[in-house]
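Visitor: Assemble chain B onto chain A, guided by the hints.
Number of protein chains: 2
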Amino acid sequence: MKITCTKSELMNGINIALRAVPSKSVMPILESFLIAAKDDITITSNDNDMGIRTGIEGVVLESGMIAVEARLFSDIIRKLPENELTIESNASYKIRISCEGLEFHLNGNNPDEFPELPETGTTRKVTMSEFTLKEMIRQTIFSIAVNDSNALMKGELFSIKGDNLKVVSLDSHRISIRNEKLALSYDNSDVIVPGKTLNEISRILSGNSEDMVELEFDKRFIKFSFNKTLVISRLIEGEFFDVERMISSDYASEVRVNRNDFMNNIDRAITLTREGDKKPVVLEIRDSFINMDITSSLGSMSGRIDANKTGDDIVIGFNPKFLMDALRVIDDEEVAMYFVNSNAPCFIRNDAGEYVYIILPVNINR
Amino acid sequence: MKITCTKSELMNGINIALRAVPSKSVMPILESFLIAAKDDITITSNDNDMGIRTGIEGVVLESGMIAVEARLFSDIIRKLPENELTIESNASYKIRISCEGLEFHLNGNNPDEFPELPETGTTRKVTMSEFTLKEMIRQTIFSIAVNDSNALMKGELFSIKGDNLKVVSLDSHRISIRNEKLALSYDNSDVIVPGKTLNEISRILSGNSEDMVELEFDKRFIKFSFNKTLVISRLIEGEFFDVERMISSDYASEVRVNRNDFMNNIDRAITLTREGDKKPVVLEIRDSFINMDITSSLGSMSGRIDANKTGDDIVIGFNPKFLMDALRVIDDEEVAMYFVNSNAPCFIRNDAGEYVYIILPVNINR
Chain A
29 MKITCTKSEL MNGINIALRA VPSKSVMPIL ESFLIAAKDD ITITSNDNDM GIRTGIEGVV
89 LESGMIAVEA RLFSDIIRKL PENELTIESN ASYKIRISCE GLEFHLNGNN PDEFPELPET
149 GTTRKVTMSE FTLKEMIRQT IFSIAVNDSN ALMKGELFSI KGDNLKVVSL DSHRISIRNE
209 KLALSYDNSD VIVPGKTLNE ISRILSGNSE DMVELEFDKR FIKFSFNKTL VISRLIEGEF
269 FDVERMISSD YASEVRVNRN DFMNNIDRAI TLTREGDKKP VVLEIRDSFI NMDITSSLGS
329 MSGRIDANKT GDDIVIGFNP KFLMDALRVI DDEEVAMYFV NSNAPCFIRN DAGEYVYIIL
389 PVNINR
Chain B
29 MKITCTKSEL MNGINIALRA VPSKSVMPIL ESFLIAAKDD ITITSNDNDM GIRTGIEGVV
89 LESGMIAVEA RLFSDIIRKL PENELTIESN ASYKIRISCE GLEFHLNGNN PDEFPELPET
149 GTTRKVTMSE FTLKEMIRQT IFSIAVNDSN ALMKGELFSI KGDNLKVVSL DSHRISIRNE
209 KLALSYDNSD VIVPGKTLNE ISRILSGNSE DMVELEFDKR FIKFSFNKTL VISRLIEGEF
269 FDVERMISSD YASEVRVNRN DFMNNIDRAI TLTREGDKKP VVLEIRDSFI NMDITSSLGS
329 MSGRIDANKT GDDIVIGFNP KFLMDALRVI DDEEVAMYFV NSNAPCFIRN DAGEYVYIIL
389 PVNINR
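As given, the protein sequences belong to chains A and B, one line each in that order.
Under the numbering used here, think of the first position of the first sequence as 29, with each following residue one higher.
Under the numbering used here, think of the first position of the second sequence as 29, with each following residue one higher.
Isolated chain A (complex conformation):
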């Protein structure tokens, strides 16, 4: 194999492909990139749960493939001059990298040992903008239960009904739901995508609203194609929780507050909590204000914010972190919260139903 390309073009590809390189694997070949040159040049990585293939603009002087230790290769390329570089490998997997009179020699690995990315079978395709996908991940990923024994909670439901995409994540204390209209209508389908995949994807996505990403999936795999990059990931198999069942439009009180004011006080309350400490922030909701109080082993805080409530007065306690996680990802200046009583979940949602955050209260034994 022999290729030339610019350092910056190669570095872009490396930074994308690095996201699927495991830091340590029982299969050492997975700590490599597969560089392949034929009609085009690609870098592939694969941690067995997720694989990435990304294209590099360059010139193929000689077709071929080589596997190279990904982090070492990345370190070396990163420090090369900003210029054209040449990479060649021979039949005994020796690699030569040259750039501006500099020369590196590395031992590569047999490219045939590198596991191929899985092929999807009969698939369905959905298209959306990179912006939409990246935002929907950002606004739901925080309520995934990373350490839960229930595998379903480690993923997010992507549910398509006609032209509506619904993304749902949940743990045992809360549910996050985002709905977005797609440009086209599709057959109904539900897939559960691992949170790890979504985290990595959202780091690669440009987030531009003009750039499109195509999602393609069968029963076992999902493929994301955008720009010159393909990400393929296993799906989590199973039936997702029926969250519709938990959503109700009944409420006893509706409260509107300035998101920043509310969030700032919640953030202050968090300073008095410690990991594993279940001390709630208590909201005393009146017609025109909310009193916010927290008392923990570290001290106590009290504050008040303006509010606009219709319906019953209510006193209710929450883990302040759960409120904070939801408030942080909402872009609206004003948020609306709906309460049934002190023991029922609170709903934070907008009128258009684009987002619904459901948070279980903490018993405050008053």
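Since the hints were derived computationally from the structure, they do not count as laboratory data.
Careful: at least some of the hints might be erroneous.
One copy or two, it doesn't matter: identical chains are merged, so the pair holds either way.
[Claimed, not checked] Here are the simulated lysine to aspartate or glutamate pairs, EDC-like style, with alpha carbons at most 16 angstroms apart: (1) Lys337 to Glu362; (2) Lys107 to Asp289; (3) Lys256 to Asp239; (4) Lys107 to Asp295; (5) Lys107 to Glu267; (6) Lys52 to Glu85; (7) Lys107 to Asp246; (8) Lys182 to Asp360; (9) Lys189 to Glu272; (10) Lys306 to Glu85; (11) Lys66 to Glu116.
Guide: Just chain B, lined up with the frame of chain A:
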């Protein structure tokens, strides 16, 4: 005690004083700040090796002192609105912090339990700019031997002779020396300042050349006074190494190179080394160029840079990290290196003698 001040003024003081708060101490009171209000307001921290006292602009409404858990206090203040705040404590060490209708209550500690900062005895004083002190630390601190059993190597020599300040640090592979002319002349004196103190000091110093810092020391302590801040630290007791003995002006070759070109190639060579890996970069120095080669278990690199050599050709090996550490802190565009032979230390120094970096070579057994 009762004081008012702005959030930003208090935060500045907190950020300075935090530098002497141990993350965990067998004496829990050391994890506190001492806040004292009398004619002025000060925050004090003390980890028993180093203490900091810094002044806060504000209004004393009631004199007094209180000890408060430093990190919790810092977390709370950091999240308050940008406005005036009030801090008060009562006889049972309860603390009340209020700001814009917000109120925090914390349990403080008996301020009498907080260990007083040591007093220096008969002292000597030296004045220099914050810029000079910060630069001299930056340009020498890297060659301190943090983990060496020899306590002297964990500090830097500050040696004053007339109007010359010399700062020296060394480990078993290299010596870093910086000389600077002071505005005034002083009696000769040598003190060894712990590297930890210097690291923390250089984070607090503004580095402005118009701001002055006063160094005051006796046999056991050194005090740094600048702006509204006082830092006092134990000295390392003992006789520092006689580095003058190791400095020679004899050399067989003098080489001048562009610092950036040289440093970039050294940095590339480092990609092929791993922690604990003693593989040297080999410099083959000719009249108009230096060939640079490194071969390790990871691969090999070769490069060449322009050079301007007078004297003998020489082939010599170095731990590339040691070269990098010195080159990184030199501000000159061109550096001059002096060699005796392949087994003798290399000197990197400028003509004015402001800096001398002495680095032992690695045996390359050619």
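Visitor: Now, for every hint given, state plainly whether the structure supports it.
Guide: Comparing the hints with the structure gives:
1. In this assembly of identical chains, Lys337 and Glu362 lie within 16 angstroms of each other by CA distance solely inside one copy; the values are 13 angstroms within and 70 angstroms between copies.
2. For a Cα distance limit of 16 angstroms, the shortest separation of Lys107 from Asp289 across copies, 12 angstroms, qualifies, whereas the shortest one inside one copy, 46 angstroms, does not.
3. For the homomeric pair Lys256 and Asp239, the shortest alpha-carbon distance inside one copy (11 angstroms) is at most 16 angstroms, but the shortest distance between copies (54 angstroms) is not.
4. Within a single copy, Lys107 and Asp295 get their C-alpha atoms only as close as 41 angstroms, which misses the 16 angstroms cut-off; across copies the closest is 7 angstroms, which meets it.
5. Taking the closest pair of Cα atoms, Lys107 and Glu267 never come within 16 angstroms of each other, the shortest separation being 48 angstroms inside a single copy and 42 angstroms across copies.
6. Taking CA atoms no more than 16 angstroms apart as the test, Lys52 paired with Glu85 passes in neither setting, with 29 angstroms inside one copy and 52 angstroms between copies.
7. Proximity of Lys107 and Asp246 under a CA criterion of 16 angstroms is satisfied in neither setting, with 41 angstroms inside one chain copy and 47 angstroms between copies.
8. In the homo-oligomer, the alpha carbons of Lys182 and Asp360 never lie at most 16 angstroms apart, since the shortest distance is 28 angstroms inside one protomer and 54 angstroms across protomers.
9. In the homo-oligomer, the alpha carbons of Lys189 and Glu272 lie at most 16 angstroms apart inside one protomer (14 angstroms), although the nearest pairing across protomers, at 80 angstroms, exceeds that limit.
10. In the homo-oligomer, the alpha carbons of Lys306 and Glu85 never lie at most 16 angstroms apart, since the shortest distance is 53 angstroms inside one protomer and 38 angstroms across protomers.
11. Taking the shortest alpha-carbon separations for Lys66 and Glu116, only the intra-copy value of 13 angstroms comes in at or below 16 angstroms, while the best inter-copy value is 73 angstroms.
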